[in-house]
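K.L.:
The listed protein sequences derive, respectively, from chains S and L.
Just so it is clear: in the first sequence, position 119 is 118 by numbering that gives the first Met the number 0, and no numbers are missing.
Just so it is clear: in the second sequence, position 242 is 241 by numbering that gives the first Met the number 0, and no numbers are missing.
Honestly, I wouldn't trust all of these hints.
Cut-off 30 Å, straight-line C-alpha distance, at most; resulting in silico cross-link-like pairs (DSSO-like, lysine-lysine) [as the list claims (entries may be wrong)]:
1) S:Lys99 <-> L:Lys256
2) L:Lys252 <-> S:Lys108
3) S:Lys178 <-> L:Lys252
4) L:Lys191 <-> L:Lys14
5) S:Lys90 <-> L:Lys252
6) S:Lys178 <-> L:Lys176
Keep in mind that the hints were calculated from the coordinates and are not lab data.
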Amino acid sequence: MGELVATNITKSFDSKKILDRLFFTVKEGEFVTILGPSGSGKSTLFHLIGGMLQPDDGTFTLNQEEITGRRGAISYTPQSPSLLPWRTVLKNVVLGSEIKGEVDFNQAKHMLEKAGLSGYEDAYPHQLSGGMRQRVAFVRALLSPQDFICLDEPFSALDEFTRLEMQQWLLKIWEEHRKSILFVTHNIEEALYLSDRILILSKKPATIVEEYTLPFARPRDQDLFLTDEFLQWKREIYQALQGNLN
Amino acid sequence: MFQLLIQNRLSFMKKIVRHYSSVIVIIAILFIWQWSSKLLSIPKWLLPAPTDILNEAVNGWNTYTHHLVSTTYLSIGGFVIGVSVGLLVAVILHLLPIVRQAVYPLLILSQNIPIIVLAPLLVIWFGFGVLPKLIIITLVCFFPIVVATLDGFRQTSPELLHYMQMAGATKGQLFRKLEFPHALPAIFSGVKIAATYSVMGAVISEWLGANKGIGVYMTLAQSSFRTDRVFVAIGFIMVLCLIFFAIILTLEKVLLKGRMHTNG
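Given the sequences, and given the hints that come with them, work out the whole structure.
P.N.:
Next comes the structure, spelled out in structure tokens:
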């Protein structure tokens with residue numbers, strides 16, 4: 000279970016409106032991406048969902064239960080992997096479940112193995128590459144007891160090759176688990192490749208201006224990038240973004 | 000072939016110089032000291048030669064061992080109490096910001112009172128026993144611990160804090176799982192300073208009234224112009240400091256194993 004409904008979310012800072020009446024739904028097992036220009040309030044939206052901030056107006060519900068302003072209801076992975084440097088990989092991936100209660104090391108080991116991280120259980124984060132650290136952070140999110148995962152531009156700090164590799168890896172792991180994901184990015188191709196649906200955010204004050212449901216079948220692979228259909232979608236979304244920004 | 004040998008030799012010498020440069024400097028100073036005191040025939044009560052000091056250190060062993068043991072115990076006791084009090088105060092001040100605002104300036108002021116002025120007062124209040132001595136050592140030790148620990152808490156990575164809060168961590172979990180382990184390296188730098196201070200504190204406290212300890216031995220030696228013994232005392236203070244320091248370094252290495260300072 001992991002259905003998130005945002006209703007009429009509005010937030011201002013010092014009388015400057017950042018988010019203006021946002022409505023959206025992420026269904027159970029769905030991968031939804033929010034695409035928008037940098038500084039359009041995407042991070043603010045995550046802080047609101049995660050309960051770090053209170054919206055001025057509007058509510059969030061997760062599985063019909065109101066979670067507005069409540070912390071720990073969703074699992075969140077920030078832009079940087081945010082691993083504890085003094086913990087080994089294994090101890091890091093169980094952190095989410097440790098905070099909420101029970102820790103299952105066998106499950107964690109199994110998951111690390113499936114994520115291509117076997118042999119790194121006892122390594123420390125500083126011994127890993129940037130991509131590997133992101134993998135660890137994502138495994139931590141999957142192992143957390145929450146059914147809903149928020150990912151804030153997780154691949155933005157990686158180089159192009161690692162990024163492609165990571166996208167494919169993310170899809171493979173996610174297609175096995177199907178936890179609902181709300182993903183934020185400013186990369187159109189990434190959004191098209193990963194998501195079931197794309198929501199387009201306008202400039203400030205941000206609101207959702209367009210919504211696209213993508214027809215690409217799963218499982219997807221990188222051949223998708225060069226299909227005519229993909230390129231056509233890319234053009235359409237690019238134009239939609241352009242139209243918004245001007 | 001021969002050239003290679005010379006080159007190897009040179010790089011070997013360079014390595015020695017790089018790694019043991021401080022030892023070489025100390026040895027050089029001792030040599031100059033030794034020669035100049037012989038050449039200029041400086042009287043022994045004014046500045047004894049290093050060999051004279053060594054001689055006294057070896058031959059007088061029985062006259063000062065009990066002093067040495069007493070000071071070692073006093074330093075360790077004071078150090079343990081000082082570090083515990085320091086950690087406790089730091090944690091309280093960190094968890095209660097209102098108290099920190101009120102008390103922090105007082106803490107700094109307390110360090111401006113010269114110990115040498117405070118010590119006689121403590122003797123008046125608490126007599127010549129162990130208590131005033133432990134109070135003095137605690138007073139010198141706890142401040143570096145409090146400052147270092149509070150800094151360590153404050154420098155908690157905001158990203159990690161953010162992650163933990165979003166994950167629903169309680170205030171207690173934040174402290175145990177993030178803030179405290181994050182502050183450990185800072186705490187250790189405070190502990191290192193406190194360890195060397197504790198020996199100094201012990202010696203100062205002994206000057207003011209005690210029947211044994213390196214401080215007493217030193218005062219006695221000084222008043223009878225046994226300058227060699229004063230140097231023996233100085234030497235042992237240094238050795239004691241170094242041993243404390245080494246123990247803490249080892250402990251730090253064990254506890255902070257595998258850790259590097261990256262927040263990624």
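K.L.:
Could you check the structure against the hints above and give me the numbers of any it violates, in ascending order?
P.N.:
Violated hint (a single one): 3; every other hint is consistent with the structure.
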